[in-house]
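Position chain W against the provided structure of chain Z, taking the given hints into account.
Protein chains in written order, with my numbering: chain Z, 480 to 983; chain W, 332 to 640.
Treat the hints as calculated values from the structure; they're not laboratory data.
Facing chain Z, a subset of chain W residues (Cβ under 7 Å, in silico): (1) Q362; (2) A366; (3) G381; (4) E382; (5) A424; (6) V426; (7) P428; (8) V556; (9) T559; (10) C562; (11) G564; (12) V578; (13) S595; (14) A603; (15) R610.
Simulated DEER-style distance windows between Cβ atoms: (16) W:G570 x Z:R902: 18 to 24 Å; (17) W:T415 x Z:E556: 53 to 59 Å; (18) W:G570 x Z:R862: 35 to 41 Å.
Treat the numbers as computed from the prediction; the structure is a model and nothing was measured.
Ideal Cβ positions, reconstructed from N, Cα and C, are used throughout, including at glycine.
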Amino acid sequence: MATAKKKTIRSIPQERTPMPEQPPLVRARNFEEVARGYRLEDAQREAERCLQCPDEPCVRGCPVGIDIPGFIKKITEGHYAGAYAVITDTNLLPSVCGRVCPQENQCEGVCTVGEPDTRLEPVAIGRLERFVGDMAIAEGWENRPYIERTGFRVGVVGAGPAGMACAADMAKAGCEVVVYDALHTPGGVLKYGIPDFRLPNTVIDAEIRKLERLGVRFECNTLVGRLFTIEQMLTEMGFDAVFIGTGAGYPSFMGIPGESLNGVLSANELLTRCNLMRARDFPNFDTPLQPGKHVAVIGAGNTAMDALRVSLRLGAESVRCVYRRSRAEAPARVEELHHAEEEGVDFHWLTSPVEILGGADNAVRALRCVRMELGEPDASGRRRPVVVPGSEFEFETDMVVFAIGTNANPILGQTAKLKLDARGYIATDENLATSMLGVWAGGDIVTGAATVIQAMGAGRRAARAMKAYLGLRDSQNALEPAEDGSLFGIPRAEHGYARLHLAN
Amino acid sequence: MSAADSASGFRIVAREDYSDVTYMLEVAHPQMARAARPGQFVIVMDQEHGERIPLTIADFDRERGTVTLVIQAVGKTTREMQATLKAGDSLYAMVGPMGIPSHIGAAKKVVCVGGGLGVAPVYPQARAYKESGAYVIGVIGFRNQSLMFWRDKFAAVCDELIICTDDGSAGIKGLVTEGIAQAIARHPDIDEVVAIGPPVMMRGCAEATRPHGIKTMVSLNPVMVDGTGMCGGCRVKVGEQVKFACVDGPDFDGHQVDFADLMSRLVRYRRAETDALVRWQEGCRIREGDTAALKQAVLGAAAGPASKT
Numbered sequence: 480m481a482t483a484k485k486k487t488i489r490s491i492p493q494e495r496t497p498m499p500e501q502p503p504l505v506r507a508r509n510f511e512e513v514a515r516g517y518r519l520e521d522a523q524r525e526a527e528r529c530l531q532c533p534d535e536p537c538v539r540g541c542p543v544g545i546d547i548p549g550f551i552k553k554i555t556e557g558h559y560a561g562a563y564a565v566i567t568d569t570n571l572l573p574s575v576c577g578r579v580c581p582q583e584n585q586c587e588g589v590c591t592v593g594e595p596d597t598r599l600e601p602v603a604i605g606r607l608e609r610f611v612g613d614m615a616i617a618e619g620w621e622n623r624p625y626i627e628r629t630g631f632r633v634g635v636v637g638a639g640p641a642g643m644a645c646a647a648d649m650a651k652a653g654c655e656v657v658v659y660d661a662l663h664t665p666g667g668v669l670k671y672g673i674p675d676f677r678l679p680n681t682v683i684d685a686e687i688r689k690l691e692r693l694g695v696r697f698e699c700n701t702l703v704g705r706l707f708t709i710e711q712m713l714t715e716m717g718f719d720a721v722f723i724g725t726g727a728g729y730p731s732f733m734g735i736p737g738e739s740l741n742g743v744l745s746a747n748e749l750l751t752r753c754n755l756m757r758a759r760d761f762p763n764f765d766t767p768l769q770p771g772k773h774v775a776v777i778g779a780g781n782t783a784m785d786a787l788r789v790s791l792r793l794g795a796e797s798v799r800c801v802y803r804r805s806r807a808e809a810p811a812r813v814e815e816l817h818h819a820e821e822e823g824v825d826f827h828w829l830t831s832p833v834e835i836l837g838g839a840d841n842a843v844r845a846l847r848c849v850r851m852e853l854g855e856p857d858a859s860g861r862r863r864p865v866v867v868p869g870s871e872f873e874f875e876t877d878m879v880v881f882a883i884g885t886n887a888n889p890i891l892g893q894t895a896k897l898k899l900d901a902r903g904y905i906a907t908d909e910n911l912a913t914s915m916l917g918v919w920a921g922g923d924i925v926t927g928a929a930t931v932i933q934a935m936g937a938g939r940r941a942a943r944a945m946k947a948y949l950g951l952r953d954s955q956n957a958l959e960p961a962e963d964g965s966l967f968g969i970p971r972a973e974h975g976y977a978r979l980h981l982a983n
Numbered sequence: 332m333s334a335a336d337s338a339s340g341f342r343i344v345a346r347e348d349y350s351d352v353t354y355m356l357e358v359a360h361p362q363m364a365r366a367a368r369p370g371q372f373v374i375v376m377d378q379e380h381g382e383r384i385p386l387t388i389a390d391f392d393r394e395r396g397t398v399t400l401v402i403q404a405v406g407k408t409t410r411e412m413q414a415t416l417k418a419g420d421s422l423y424a425m426v427g428p429m430g431i432p433s434h435i436g437a438a439k440k441v442v443c444v445g446g447g448l449g450v451a452p453v454y455p456q457a458r459a460y461k462e463s464g465a466y467v468i469g470v471i472g473f474r475n476q477s478l479m480f481w482r483d484k485f486a487a488v489c490d491e492l493i494i495c496t497d498d499g500s501a502g503i504k505g506l507v508t509e510g511i512a513q514a515i516a517r518h519p520d521i522d523e524v525v526a527i528g529p530p531v532m533m534r535g536c537a538e539a540t541r542p543h544g545i546k547t548m549v550s551l552n553p554v555m556v557d558g559t560g561m562c563g564g565c566r567v568k569v570g571e572q573v574k575f576a577c578v579d580g581p582d583f584d585g586h587q588v589d590f591a592d593l594m595s596r597l598v599r600y601r602r603a604e605t606d607a608l609v610r611w612q613e614g615c616r617i618r619e620g621d622t623a624a625l626k627q628a629v630l631g632a633a634a635g636p637a638s639k640t
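Only chain Z is shown next, with the shape it has when bound in the complex (with noise of 0.2 Å):
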């Protein structure tokens, strides 16, 4: 290759490149997916802002190292297949990832070109991702490494982001390896959580064969811990190493007055019934779902994002957001929140639910709210909301979506000596091993409520620790010198040499 001219903070597209998208009003009112992708000519301009630095703090800030730079510059070069080769290195689901990362808060937040002093915006690291992923789609690109068969069993428990990453890494490693899933379908909260307006299903479907094609097989429709238990799996069903990756489930609620009225739901459960069990297309799906006029989402994270925005899709005529900090203090991500607000839904920040009133059958009529201003910071740092005195009011609505949190599923914790910290999640060490010899346990599980590129990040670190526990050799543990320059415990100063024994 022709060597390029160095590139400078100066000589670089100064603008980050759009997303080409729906437009708002009508995209708020389909199921299509709402950013379109990039296309070629986006993506090589895109690339071209990468100024290739020795720093590379983009590939600390992500969960999985992924090799950011390199997969950069080989779509700079035209070599999209090169590209997708050192995605998968570290990342098996580039598509899924690329659209669903928090990137502002991982690579792009801590990327050379988006420092303060720049005034640019940062490569649009995560939009690139999809890119590759979909074009590798498109293309039927694999990069399919050789296995060479160990012999373990390994059992993963939850088809979901953790489960896959840990499966794949542990198939990649000759590992015989089983994913079971209480759901019909695998993909767990990619399926059943995230609409396909942000990740569609054709895109996860796709990820799941590939994981198939690497040898792991999918039992849908078990139920772990009451079909057969953890320990069942490491005893009578032969399994050398299992990992749980069950997710957090189990929806918080708040405990106010007439939460029980008929409709009143958790966000997971609007969700899975329009995602997962597509009640968005009843009668042609049986799945019933009586849809708001006006509904009221409380919580401002991304799960409530994506509440509202159903709700919009569903065709709800007003869509409020309840949330009882202010817009900065909101969980979700900026990205999330500018395209709800520009789909239309209203935003009341510092307002706090205090009682759903009921009408006739039991059904919700109306929404009773208290005002709140930012105190002192709380444990959280954040500044704590507190009730404004005599502000009370209320507005109609016929349908409350609760998107407060989760709290940990309890199945595992029933069925399964497993230790559990106070609040109920799997207790593990930091290599995720849990109290269980054999027995590894990452994502939601684990941390409660997280990310899903976090959930994943935490299915192949088990899948470390547990390649470490088989005895499997790890291309991850690349040998490196310790800090004094010792490698195998021998200094620097004699490695080269090689002893000579001459014969006399």
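Chain W in isolation, oriented as in the chain Z frame:
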């Protein structure tokens, strides 16, 4: 094996119809037959576009490797299953056993009450109590004799069996609460009552035992989607607490359950469910109508000349 194949189905090995609305499916699932305990339930989908419906396990046979479901055709899905499924067919999905198994304690004398369809799910508990050495009094109730099923099966695991029908066409005339009253009158030393059936019947049973202070367990079957604690649709009020029937139950203390809340939440999707049923029935009628019209046309043509005679 692909993801789709893993849901390729759960084979129905036997079907029996107990009445116009009640039918039994015996489904092959050796692993589940081994794991199932009294009081647990399954979630089934009859077809790929189907809904997930919870059904209490009515019986399990570890030797045959089957679980038995007794189903009442009430909504679109259960009627479609009644109309289409036969031995040799498969269910699209079946997952379980779900829920915490019933606690078969050290009770010496128990009353197992089944109302209507509830007779089926209470049977494994009656059998388990019998096997544990308890004195089991069965109380089973139906609207009338023609709806009665499992009488002999139930009698085989009970030391006493009281049959109640609304119209007196079998056993005593009256509701199961009448049967409970008789049992309590005869046996002052009842340790526990287990009641399964429609919510209004379970509430009646709980009220019948409350003055006597007899522990009464009921099995709740609210609307649920996943059955693994994830959707929260099945939340019920028990005492001061909110519980998820799928993972915290389905058995709860009947004296603590807020039945009014349960009943109002059961009809949450009534409007959509009715729409679906009406639409499905219309579809059936149109199909039937087509065949009838076709039949008539064919027969009419064939019988044309002869019809003069």
